[in-house]
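> Spelled out, the chains give:
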Amino acid sequence: MNKEIALITGASRGIGRAVAVSLGSRGWHVIVNFLSRRDAAEETLKQVTEAGGTGELLPFDVANYAACETAVQQCIATHGHIDVLINNAGIRKDELLVWTDPESWRAVIDTDLTSFYNVTRPVVKEMLLKRKGRIVTVSSTSGRTGLPGQVSYSAAKAGLIGATKALAKEVAKRHVTVNAVCPGFIDTEMIGSMDHEALLRTIPLGRLGTAHEVGETVAFLCGEAAAYITGSVIDINGGIYT
Amino acid sequence: MRREEIVERVNKAILADFDVEEDVMQPEAKLGDDLGLDSLDGIDLVVAIEKEFKESRVTIAEGAVRKLRTLKDIYDYVETHVAANP
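Going down the list, the protein sequences come from chains P and B. So that you can map any letter, position 218 of the first sequence is 217 in numbering that gives the first Met the number 0, and since no number is skipped, the others follow by simple counting. So that you can map any letter, position 46 of the second sequence is 45 in numbering that gives the first Met the number 0, and since no number is skipped, the others follow by simple counting.
These are calculated hints, taken from the structure and not from any lab test. This one's a predicted model, so the numbers in the text were calculated from it and none came from an experiment. It is possible that some hints are incorrect.
Said to hold, decoys possible - Okay, derived cross-link-like pairs now, SDA-like style, lysine to any residue, Cα gap no bigger than 25 Å in a straight line:
#1 K168/P to S192/P
#2 K172/P to T69/B
#3 K131/P to T113/P
#4 K50/B to H80/P
#5 K71/B to D33/B
#6 K124/P to V45/B
#7 K2/P to K66/B
#8 K66/B to Y116/P
#9 K66/B to L128/P
#10 K50/B to E21/B
#11 K129/P to N10/B
#12 K131/P to P121/P
#13 K129/P to D40/B
#14 K129/P to I59/B
#15 K129/P to F219/P
#16 K45/P to Y64/P
#17 K11/B to M0/B
#18 K172/P to K50/B
#19 K92/P to E102/P
#20 K164/P to I42/B
#21 K172/P to M0/B
#22 K172/P to A162/P
What the hints assert, rightly or not - Computed, partial: chain P to chain B, Cβ under 8 Å:
#23 R120
#24 L127
#25 K129
#26 R173
As the list claims (entries may be wrong) - Restraint-style ranges between C-beta atoms, simulated for each label pair:
#27 A15/B to G238/P: 52 to 62 Å
#28 E188/P to G35/B: 17 to 27 Å
#29 D186/P to K11/B: 56 to 66 Å
#30 R36/P to E21/B: 50 to 60 Å
#31 K172/P to K50/B: 14 to 24 Å
#32 G26/P to R1/B: 27 to 37 Å
#33 M0/B to I75/P: 26 to 36 Å
#34 R8/B to E42/P: 17 to 27 Å
#35 L146/P to R8/B: 51 to 61 Å
#36 G238/P to D33/B: 29 to 39 Å
#37 D37/B to Y116/P: 15 to 25 Å
From the three backbone atoms N, C-alpha and C, an ideal C-beta is built for every residue, glycine too.
With these hints in hand, go ahead and build the complete structure from the sequences.
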């Protein structure tokens, strides 16, 4: 059977895992990328299978262009196509800019922003030839509003929005859509150290979002019903930024 | 491979893959202005030419494709690379 194939970067935990499960529940074959947490990636794969999908693990470093190109070629050789790319991998190093050393800055920009280029470039070439494809990138409310203590993260996530809008215009005539989602405060490990009570007071809907809600929004953008949506940025933030 | 055969096969590959009128296929025809190919079409052009000359292992590197401006540029490129892989 010629299944729909989705490559999800940073899918071992959190939002990446939720996207994997949402696509799996729609019967997709999910390629679960991760860097170091194999045990967590295997748990993602288990949940994808339980949801009704199929999948496989594909470890590679999204900050390394050669590694990304090789991994994408491997996917194409195995499956013949990649229908959906979810650019989700990301890290945060929260600190004031005055305390951010060059290595810390580069680590965030390389993993969160340059990874968009590293993975999307080889994938979109194949999508252009097939005249079909969906690219969804996980940005952040931090990239919309800017947050103190997250200058590098806000810069990278805002960059992803610009890249999404520009690429959408480049490839639209080949029926490849490119969109982004901007989650706000989502109940994942990434906000584990934050003061939840203080956060809740800032959110109009009065609660954290769930990774499942983000996963379902991304899955919608990958489906037929979203065929006319491109260059869009969908906020999933409980009203914290409108 | 004779030049005439290269010209014929390049033209055949382009006419098969792109919406181009046959009478436009002159050596000096510009890929953009005359054939109407845009930068995205360059990806398909590479695939079409490499497929047509697969037996000669002709490959068009990313840097090279941006230098192809006319049909003659393609004929010359293929001729050079076919000669390198007889």
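> A separate judgement is required for each hint: does it hold in the structure or not?
Okay, the hints, checked on the actual structure:
1. K168/P to S192/P: violated, 38 Å
2. K172/P to T69/B: Judged against 25 Å, a Cα distance of about 24 Å means the pair holds.
3. K131/P to T113/P: Given that 25 Å is the threshold and the Cα spacing comes to 24 Å, the pair holds.
4. K50/B to H80/P: Holds - the C-alpha atoms of H80/P and K50/B are around 18 Å apart, at most 25 Å.
5. K71/B to D33/B: holds, 13 Å
6. K124/P to V45/B: holds, 12 Å
7. K2/P to K66/B: violated, 38 Å
8. K66/B to Y116/P: Roughly 23 Å separates the two Cα atoms, so the pair holds.
9. K66/B to L128/P: holds, 21 Å
10. K50/B to E21/B: holds, 20 Å
11. K129/P to N10/B: Distance ~22 Å between K129/P and N10/B Cα, so the pair holds.
12. K131/P to P121/P: Distance of about 14 Å is within 25 Å: holds.
13. K129/P to D40/B: holds, 12 Å
14. K129/P to I59/B: Roughly 19 Å between the alpha carbons, so the hint for K129/P and I59/B holds.
15. K129/P to F219/P: Roughly 21 Å between the alpha carbons, so the hint for K129/P and F219/P holds.
16. K45/P to Y64/P: violated, 29 Å
17. K11/B to M0/B: holds, 16 Å
18. K172/P to K50/B: Between K172/P and K50/B the Cα gap is close to 24 Å, so the pair holds against 25 Å.
19. K92/P to E102/P: holds, 11 Å
20. K164/P to I42/B: Given pair K164/P, I42/B holds - Cα atoms ~21 Å apart, limit 25 Å.
21. K172/P to M0/B: violated, 37 Å
22. K172/P to A162/P: Holds, at roughly 17 Å.
23. R120: violated, 10 Å
24. L127: Holds: closest Cβ of chain B sits about 5 Å from L127/P, inside 8 Å.
25. K129: With Cβ-Cβ at 11 Å, over 8 Å, it is violated.
26. R173: Hint holds; R173/P Cβ to chain B Cβ min 6 Å, cut 8 Å.
27. A15/B to G238/P: 52 to 62 Å: Taking Cβ atoms as reference, A15/B and G238/P lie about 54 Å apart, which means the hint holds.
28. E188/P to G35/B: 17 to 27 Å: violated, 52 Å
29. D186/P to K11/B: 56 to 66 Å: At roughly 59 Å between Cβ atoms, K11/B and D186/P fall inside 56 to 66 Å, so the hint holds.
30. R36/P to E21/B: 50 to 60 Å: holds, 57 Å
31. K172/P to K50/B: 14 to 24 Å: 22 Å Cβ-Cβ, so the 14 to 24 Å window holds.
32. G26/P to R1/B: 27 to 37 Å: With Cβ atoms ~53 Å apart, the hint is violated.
33. M0/B to I75/P: 26 to 36 Å: Between M0/B and I75/P, where Cβ atoms are some 30 Å apart, the hint holds.
34. R8/B to E42/P: 17 to 27 Å: violated, 53 Å
35. L146/P to R8/B: 51 to 61 Å: holds, 58 Å
36. G238/P to D33/B: 29 to 39 Å: violated, 54 Å
37. D37/B to Y116/P: 15 to 25 Å: holds, 21 Å
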